[in-house]
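> If you want the building blocks of each chain, they are given just below.
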Amino acid sequence: MAVRQALRRAGGRLLATQGAMAPAALGVAGRGLSTSAEPITLEIPVPFKGHNVEPPSRTVETSAQELTEFFRTMFVMRRMEIAADSLYKSKFIRGFCHLYDGQEAVCVGMEAALNDKDCIITAYRDHCTHLGRGGTVLEVFAELMGRKDGCSLGKGGSMHMYNKKGGFYGGNGIVGAQTPLGAGLAFAQKYLKVEGVTLAMYGDGAANQGQLFEAMNISALWDLPVLYVCENNHYGMGTAEWRSAKSPEYYKRGDYVPGLKVDGMDCLAVKQAVKFAKEYALKNGPMVLEMDTYRYHGHSMSDPGSTYRTRDEISGVRQERDPIERIRKLLLSHEIATVAELKTIEKEAKKEVEDALAKAKESPSPDSEELFSHIYRKSYGAQAYGADRKEVVVTLP
Amino acid sequence: MRVCLQRPTILFYTFIDKKIHLGQGKGGCSVRRPFVHASPLSRGMADVAVVADKMNVRDALNSALDEELTRDPLVYVMGEEVGQYQGAYKITKGLLEKYGIERVRDTPITEMGFTGIGVGSAFYGLKPVVEFMSINFAMQAIDHVINSAAKMLYMSGGKISVPIVFRGPNGAAAGVGAQHSQCFAAWYGSCPGLKVLMPYDAEEARGLLKAAIRDPDPCIFLENELLYGVEYPMSAASKDKDFTLPIGQAKIMREGKDVTIVTFSRQVEIALKAADILAKDGISAEIINLRSIRPLDRPCINNSVRKTSRLVTLEEGWPQHGVGCEIIATICDESFFYLDAPPERICGADVPMPYAVNLEALAVPTMDDIIRIVKRCCHRGRAAA
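One line per chain: the protein sequences are A and B, in this order. The first sequence finishes on residue 397 if you use UniProt numbering, and the numbering steps up by one all the way, no holes. The second sequence finishes on residue 385 if you use UniProt numbering, and the numbering steps up by one all the way, no holes.
The shape of chain B in the complex, shown without the other chains:
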């Protein structure tokens, strides 16, 4: 179909039934049929991502959504600005053009309402992927995530399952202030009936999102805004359209023998860099990337600590009742007598996120913090054998 446009500013379905002169003045085209005029923001960018040897997290997520939308007609995407705007963070770019408005739904700014609608449609059997522009906004809809979705299978005695994915950027970003920086891993991670996934790199983002969409239970998929633009290598296996990663399994990013660092999301990268520096000081750190906050891979964590005898947990969220607390508790339950030193928690500061850049830097763990704390952990208690 020929698109006759003189000015690229129309953003809605239009019936055009008059002649439009092209710039050359050679006569116009007469068209009378409905169009979706792509917005100027999307012209030239209205393509879904193609899986490649190197991808950034954004494109990896985009490719996952694209493949799952193709694979299963029951899957659809819903959220603010996911369609015409191509996604607030461009995660959903190109999807509206490819799949149409029935399957890529722009919503008004009413989280409680559209989340409820997503959950209700999942009761019936659809497989919604509900985007929260920030997981902070999901607090407005948290009743539907927990009470309507997570608990439903149990309360109904197994009658009604809820194959829904909630996703969005979670936790600290850069300069977005107190109401846009909270990490929700711990809150959601405590709820039975919910699955909580937190990918780190592009391959994980792709594999875990595909797994979450295929999963029959409610999953909340916590992304990281600062990683969206970061490129990572992709394995050959990850390019397959049926590539998924297992839910509930952590990954050992780096093997070590002196201390286990358990972390997730963006801090994985910082921990890996810290481990390189620690290695020069003779400390061999094993880095575990949780990937799945719930279900938690307790065997992986315990086996590692039984090997290294020391534990440091690392997260950006608030310390009290955080994810690190559960990791330490699980070690105390199962591997206490293997410890040579008390476990250490590295967390975000006990404060609402400040705006000033120096204060913000103090509110989130840094590489220096990790190095100092790991060394402290390794130099306390019984000497390593």
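Excised from the complex, chain A in its bound form:
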């Protein structure tokens, strides 16, 4: 009680709308940015909701180091997406560009519960997910601008970022297709006896896709270690969930597949849920995790995002539930960092993003020969033709 009052006096606005974080034990308090790994125990404010499964405890263990890392990583992701917005408007990025700002807690919280044996596959809102799996800001920017230092050599674009070594399988442009693909990754993990799970991510728009239910059926039949992670940002492009789903309780839609509903704006809740679900999946098979999250931008850069929702709604979420602000408040309230230290982290993150952007802008376009590379791994001397079949004929490498 006293802690809460003290923080209010300090002017920090707690997440009072969701209840106060009650620290059961403090980490190393005092001056200086604490990067201690000493455990800090916290209570997740928004309760989990379970479908055919007992939800995990709301008590989560973290540390100063982890919270600082959450803050830094999410801040880099936020800056990266905002920079992408400007790049798109100045026509450095063409075609489609789907931004993730607002949803950072989902991929960051997930990574805290996963390791390199696990796999992630997602849809086209993949820039930050790619980063979470070990990608760099440089290769994201370069790919967005179609340059040769892009993670897909400039040949994929915004929707097609991959990192096989890091267990990231994209980056998929067809809504819902990634869900059976994710079940397939889990199938392979089980086949090869890798102690890992696959997180097949999809949105509230994709949640009605038939192939998702086909994948759920087979993965439940075969006990595949797959987690179906629904990033419910409440709008499938311009269509609100209540207009597209008879039942927008996506965590229940698996029917015989158990589900959890999670506050997707809370890194720690996401981490707890994924940790719990991973343990479950390795023993029993699939689970659905519905992450209640929000995107600040429209569906893509060609959507202002305000014709189907009010600006008040957007700014309201930003004020009440922003994932970065939540961690900031935790860091301050637990005296892990001071305001000045956080500003330093922010400055460093901004610089990291700006440097990457500058370097990406210098990266050249791919060579013309790349038009015909990577058609096949093994071409048997097959030929491919350009628009002018007499001028441009290539024996595939």
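Calculated from the structure, these hints are not laboratory results. Predicted model only: the values in this text are computed from it and were never measured. Ideal placement from N, C-alpha and C gives every residue a C-beta, glycine not left out. Don't take every hint at face value.
[As the list claims (entries may be wrong)] Just the calculated beta-carbon pair ranges, DEER-fashion:
(1) A:S57 / B:K98: 42 to 50 Å
(2) B:D350 / A:E370: 36 to 44 Å
(3) B:A329 / A:D116: 32 to 40 Å
(4) A:K378 / B:R306: 42 to 50 Å
(5) B:D72 / A:D223: 20 to 28 Å
(6) A:D367 / B:R306: 32 to 40 Å
(7) B:P216 / A:E38: 44 to 52 Å
(8) B:K98 / A:K359: 52 to 60 Å
(9) A:D303 / B:R372: 57 to 65 Å
Based on these hints, arrange chain B on the given structure of chain A.
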């Protein structure tokens, strides 16, 4: 392990822990361990095919799957009825008993779902062989074949390859109607990143399937239901467990000098018979069996037409934008001035496949059509030198 059965009707894993009396009444056997009870359909047939001097296409495919499953533990088979039922067309007979349920997977009737799962597992590094009970059903999964599999290596800048084989019976059969008779060679053949193979006889079925399974790229393997039961001689070389045929190479089935007939799959047989009859009329036809729709063996086709100066393409699929169009186009690109007559296309009729037997016969090229059209081609244009 002793199998104690009084009635052969159990189709699932069973733990039996009570005494079962044998018919003789001499006491029972007491067993408590998991079984796979073979289905009555498979009793006596639950053996994989053995490579022999003569094999039918079905057994040739079966032997190829068997050898590749043995050779590479990353290979597995998936599809409807491939396991316990022994395969809708018995292509996979005996494989479940030999390799177990981890590697021979029966799926529900959800093509999009299980094809996606197959492709996803190939991303990770497994080598699935996905059976479509009919390639017509693959249309439900075509997004995964093209968008998830064929394009992935390119979109990922070379990071993720997809060593998957999709296979199944394609094209016209007998009396199966419009939705089960479409030929997909042309549609799949137009996609960069995909390999499209169409075997004719048993040796080709075996060699090309083994090559496809070993290939690191997505292959779609289009079989022909009417050929499954047909026997062909097998060469000594084809019996080797490492026998493969090259992808992207056509085969000249019969050499000739007056006209080149380019075809594939079942029509190869009909073309060969037609060539015998044409020979009696003094027309020497060269028959090219494509084997590989993509990559297409353009040098083989062009060299042949440069020799014969006349081209007839032959396929069962629909004419507009068909395989024949690409063959003619490639001749026009590279060998136009060698032609003595305009090329002719022989294709299936521009109709959904009808059911009535007389109409069905009108919808697919016959030997008479081939003979008439080849003669027409040879009697037009400039006289042969």
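> Please go over all the hints and tell whether each is borne out by the structure.
We went through each hint and held it up to the structure:
1. A:S57 / B:K98: 42 to 50 Å: 47 Å Cβ-Cβ, so the 42 to 50 Å window holds.
2. B:D350 / A:E370: 36 to 44 Å: holds (40 Å)
3. B:A329 / A:D116: 32 to 40 Å: violated (49 Å)
4. A:K378 / B:R306: 42 to 50 Å: For A:K378 and B:R306 the Cβ distance comes to about 29 Å; the hint is violated.
5. B:D72 / A:D223: 20 to 28 Å: holds (24 Å)
6. A:D367 / B:R306: 32 to 40 Å: With Cβ atoms ~35 Å apart, the hint holds.
7. B:P216 / A:E38: 44 to 52 Å: holds (49 Å)
8. B:K98 / A:K359: 52 to 60 Å: For B:K98 and A:K359 the Cβ distance comes to about 55 Å; the hint holds.
9. A:D303 / B:R372: 57 to 65 Å: holds (60 Å)
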